[in-house]
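Chains as they are written, first to last, in my numbering: chain X, 48 to 379; chain D, 3 to 346.
One should not assume that every hint holds.
Coverage of chain X stretches by chain D, computed from C-beta distances (three or more under 8 Å per stretch; other residues unrestricted) [claimed, not checked]:
hint	segment
1	171-183
2	264-273
Not the full set, but computed from the structure, chain D residues with beta-carbon under 8 Å of chain X [said to hold, decoys possible]:
hint	residue
3	Ser34
4	Val35
5	Ser69
6	Ile74
7	Ala195
8	Asn202
Straight-line alpha carbon distances no greater than 20 Å define the calculated SDA-like cross-link-like pairs of lysine to any residue that follow [unchecked claim]:
hint	chain 1	residue 1	chain 2	residue 2
9	D	Lys292	D	Leu243
10	D	Lys101	D	Ile252
11	X	Lys157	X	Ile144
12	X	Lys278	D	Phe183
13	X	Lys157	D	Ser316
14	X	Lys157	D	Tyr184
15	X	Lys233	X	Val343
16	X	Lys185	D	Asp68
17	D	Lys101	D	Ser185
18	X	Lys157	D	Leu32
19	X	Lys278	D	Tyr184
20	X	Lys157	D	Asp68
21	X	Lys157	D	Ser34
22	X	Lys278	D	Ser185
23	D	Lys101	D	Leu151
24	X	Lys233	X	Glu258
25	X	Lys157	D	Asn41
26	X	Lys185	X	Gln87
27	X	Lys185	D	Gly203
28	D	Lys8	D	Asp290
29	X	Lys157	D	Phe39
30	X	Lys157	D	Met72
31	D	Lys249	D	Phe149
32	X	Lys185	X	Thr95
33	X	Lys278	D	Arg190
34	X	Lys185	D	Pro65
35	X	Lys278	X	Lys185
36	D	Lys101	D	Phe183
37	X	Lys157	D	Pro65
38	X	Lys278	D	Asp186
39	X	Lys185	X	Val343
For the record, the hints were derived by calculation from the structure and aren't laboratory data. Note that CB positions come from ideal geometry on N, CA and C, so glycine has one too.
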Amino acid sequence: MESKYVLAAVGVLVAVVFIIAALLGPLSGTIEQDDQEDEQSFVVEDATGNEIRFDEPPERIVSFMASNTELLFHLEVGERIVGVDDFSDYPEEAVAIQNVGDSLEVDYEKIVDLEPDVMVITEAVIHMRDEMENYGIKCFVTGGNTLEDVYSDLELLGEMCGVPERGEEKAQELREDMNDITEDTKDLPEYERVDVLYISGIFEGINTPGEGTFQNTLFTNAGFNNIASDKIGWATISEEDIVMRDPDVIIAPYYLEESISEYTEKDSWQDITAVVEDEIHFVDGDIMSRPGPRIVEAQETLVDINEEAETNLSLSWSISSKELAEGTCLTL
Amino acid sequence: MSHPLKKHFKTSLLAFALLGLASVVISLSLGSVDIPFRNIVEILLSRIPFVGDLFSTHPGSPPTWDSIIMKIRLPRVLLGFIAGVSLSVSGSSMQGVFKNPMASPFILGVSAGAALGAAIGIFFGFPWYLLPVMAFIFAMGTMLTVFFLGRVRGRTDISTLLLAGLAMNFLMTAFTSLIIFYSDPAERMSIVAWTWGSLNGTVWNHVWISLPVMLLGSTVVYAYARDLNVIQTGETSAKQLGIEVEKTKIVQLITSSFLAAVVISFTGIIGFVGLIIPHASRLLVGPDHKKLIPISALLGGIFLVACDAASRMSGEIWVGVITGLFGAPFFIYLLIRNRGDTGW
Chain X
48 MESKYVLAAV GVLVAVVFII AALLGPLSGT IEQDDQEDEQ SFVVEDATGN
98 EIRFDEPPER IVSFMASNTE LLFHLEVGER IVGVDDFSDY PEEAVAIQNV
148 GDSLEVDYEK IVDLEPDVMV ITEAVIHMRD EMENYGIKCF VTGGNTLEDV
198 YSDLELLGEM CGVPERGEEK AQELREDMND ITEDTKDLPE YERVDVLYIS
248 GIFEGINTPG EGTFQNTLFT NAGFNNIASD KIGWATISEE DIVMRDPDVI
298 IAPYYLEESI SEYTEKDSWQ DITAVVEDEI HFVDGDIMSR PGPRIVEAQE
348 TLVDINEEAE TNLSLSWSIS SKELAEGTCL TL
Chain D
3 MSHPLKKHFK TSLLAFALLG LASVVISLSL GSVDIPFRNI VEILLSRIPF
53 VGDLFSTHPG SPPTWDSIIM KIRLPRVLLG FIAGVSLSVS GSSMQGVFKN
103 PMASPFILGV SAGAALGAAI GIFFGFPWYL LPVMAFIFAM GTMLTVFFLG
153 RVRGRTDIST LLLAGLAMNF LMTAFTSLII FYSDPAERMS IVAWTWGSLN
203 GTVWNHVWIS LPVMLLGSTV VYAYARDLNV IQTGETSAKQ LGIEVEKTKI
253 VQLITSSFLA AVVISFTGII GFVGLIIPHA SRLLVGPDHK KLIPISALLG
303 GIFLVACDAA SRMSGEIWVG VITGLFGAPF FIYLLIRNRG DTGW
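Just chain D, with the same shape it has in the complex (with noise of 0.2 Å):
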């Protein structure tokens, strides 16, 4: 069973963007106040222009469920549909960059980077929206540290670029816990639970931000697609090419981090998300990144919107909790089956 969709990856592309949108419209019916399908779809019609107009009335539907579904759900469903984009895309982009499927946003201390600027930003009080900015430097800086940590003699060593990830994730996760360690007792549970990831209490602003920058992220990722196909015969030979491959490199670890960083500011670590499913989509589609990557970022949101969904109907346990318990043994799984071939 080797890459079973790439044949007919158009298809599958089509697919997977309806089991997208089915997946949200799904989750969009899970909560813990029980409102009827029907009622959920004509709240969402209402609200476009033109064809709401046929709906403008929902008789039997009282206001607070518009509420539910336009306030609370239908941003938080949004998030994580963003974030398991981001965070897909942002594995597959550091997997191709280093030639190595052990790379993703969480196992290079990434995420760990990230959560610690939004967790400085949380201790000292910064409004909300500068905590995506601060995520963004940290992770940033804990990136190009592992990048030239990583580095040996002009190439990239990959043993030396995961024991550094290892280290910095150790560091930031030790800042971390400092923080915890000095905030308020009522304050701490609330940055320890954050350290897990949730998409609970997500609002429209966090969805305005992460948007632009999934939209604008992915597309960077996507458009050196070829470069990073070329990149993985050999650097040598992708210079031989005409490749920029130096450039390439600084670019996507800029990009991916700036990926993981935001939505993490938003929503707390989400582990695995950025491990497996590039794996996953590899092993479906293959290896080409053209493929690759739309498949990834599809999936990566399919995934999240699954696990949010499972986290609310389970009494909001934390979805990073959820998707390492999904994750991790499917991940098992996948390598099991795929013994000797990841798709590499």
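Chain X with its partners taken away, still in its complex shape (with noise of 0.2 Å):
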């Protein structure tokens, strides 16, 4: 029995030598701070309001999430780019850089041996921001909640690789870009707009994006009126919710074409009016969830899809209405 006790005052004794050791601080990983500024150096805010201490604009950088690094390709400085995660894969040289793993397994070993003078993540990611501090590596977080964000991440980005005139330069284009392209639809009263659904993914329930997102704004300057406008972020719609609000047209992406068949080849849904003028579009599902220089793309596609269904739905009304005037006549 006493041996017993020697064997637990050991083990007692052994565990509070451990935990003072870990309370004086960790014996490796610690961070030298340099308090010294150089002259040199630049100070940076990222989307989240962090300020970020460079020396000199990074000259490697690793690319964390496929909007990223298309804005940072727009911004002329993808040469810069050493690693990407597995989701980037435009422009065309982004899919040769070194994958470093996606949000789910990141490849931490990967990102240390490429040396990045900064990481540059998102939002969804900000966790990653404290684990790439144990390894020195600095992180940049950007926005890419809204249409703003994503002018504000070009200038940020622009400010952070020492082309900020570029980054204001590029922000402002696409900014007027945008404009330009929906112009005519942008301020279309209510009565005039189309009801739209876009299905953004399908996980346990039908996803699509609601207020807040910049996919709402997306199809509200195209001259729509999204369905799930009254929810909040990302979000999931019930069936019973789209046969009530009766969308005129449904988009999704291309990858998705067969699920939403067998949705739309359920009795249930044959009275949705976009099921019925076969208002089912299809587009390129990443320039409609990516936050990058593509929401070009994405907003003119909508604005194209969206004038379509105007001719097309505005036939068929008349006709219906035609037929129903007649049927009333002919009831009479």
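If you follow the hints, you should be able to join the two separate chains into one complex; please do so.
Next up, the structure:
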């Protein structure tokens, strides 16, 4: 029995020693802080308002998230990217860059091995900022929630990369392009708008962007009325709601074509205007989901669909009202 | 073939200890960045006081290699070993207390409880060091509920106990799913991934917390090895021999929950280790807890280090999936081979 207590005592002692050691500071991973400010050094704020100090504009960048990669290439600093996440596939040059995993399984070893001056991440994976600090890697966080975020991300990234004028120029250019495309549709009155349902994905229900997403703004500016705009952020919408809200147009990424047809073949969907009028459109899911420079293409596509749908629907509306009138006459 | 290593316990303990060390070193040399074995040894030796001076410069290894080994791989491999030891010792203790080969942190719902505690912590944005505390509170709660539900007229009824464990497992998993449902789509997948267990992204702080817990917990469990042995012969005779059966049980349950909860709060749920390792050890050295616990500990550490190495080499398949893929068939093999003789 006694040896039992001796053993327990030894165990407690060892544990106490380790806890003290842990409190005294980790034996490894101490970050040496250099308080001396370099004359050339500058401070950049990222989208979260976090201030990051650089001695010189970063020459080696790891871009985590496809939209960040597209933004950096748009700023013509693509050649500085040494690592990208698995989803970064645009522009073509990005495909050849070393992959460093995705948000579920980050390849920390590869990232450290690439010796980046900065890692560009998004708010969705903001926890990586603390993780990367362990390895002495700075993280710049982009916004990407609204269209304004996209413009300011360009400006802030430009500032960080030492090309502030180019950043402002590109942002202004993008803003103007977006305004030009949507000039006629942006301010349409409610009654002239076409009701749209955008199905962004099918995961535990039908996923759709609501209020506060840049996609919602894209639809509104293209002359649509997003039937899910009463929902906040990324949401799921029930089939009952879809039937009740009766979208005139349904839009979804190409890769969902098969899954969507399973829905549209259902009896319960047969009264939905979009199904009746065959107004189901498929678009490039990447340009719709990435808050990058290709929002211009997304905006153009949506304006085109809106125009097409409007003609088709108003045509069928007039037919149906004619039929209705005839029908009424007959009954009378 | 019964208990082949029973007579050579000390030799096998030493052999397993060396194997454990080897598994850690080999595992250190595997990863997505190729680092030559020689450089790894140099990097490790250079950190040892006095000896390190001889190796202070390692020509040909860039500083990033040092970073990768010391800040990414070493903590990860060590946590893998610690988690393997903790889960196996926890399983050995539970199987001893309940006198049943089905008992393990996974089966009795303790893992699910710990996972729920940590998931609540993650959901409400608690700092990382509170996650083990949350995990322990919920694991402990689950364990005690299962324990008291399983008691019929002052005795532990095994089938009631296992059913209680099953029920609590479902309940805790349901709550965890509820949290997953209410979390952001962006966070959602990472919590889902976490319920499968992963050692990716381990930092030293995780090691500094779980190492003393492992040492303390394993020592406490081992200290009661003799009592556990006597309990196996029957509670009445154990009481007659002067063993405080109830106290032993409670201490063992608290300790085993603690061991499992702390590692689970860092790694997520890694199943099967706490079930199959004590089993395999029992087949090797017999039911004596004085031999069983140390062998389980080492075997568990080696097993999880190997599974994690496989996870890394396969592009980060969740380690819990791998322990299941390797563990379950191995378990079935053991059952078939030793039908009727599982060491009990």
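Check each numbered hint against the structure and report the violated ones by number, ascending. 2, 14, 17, 35, 36, 39
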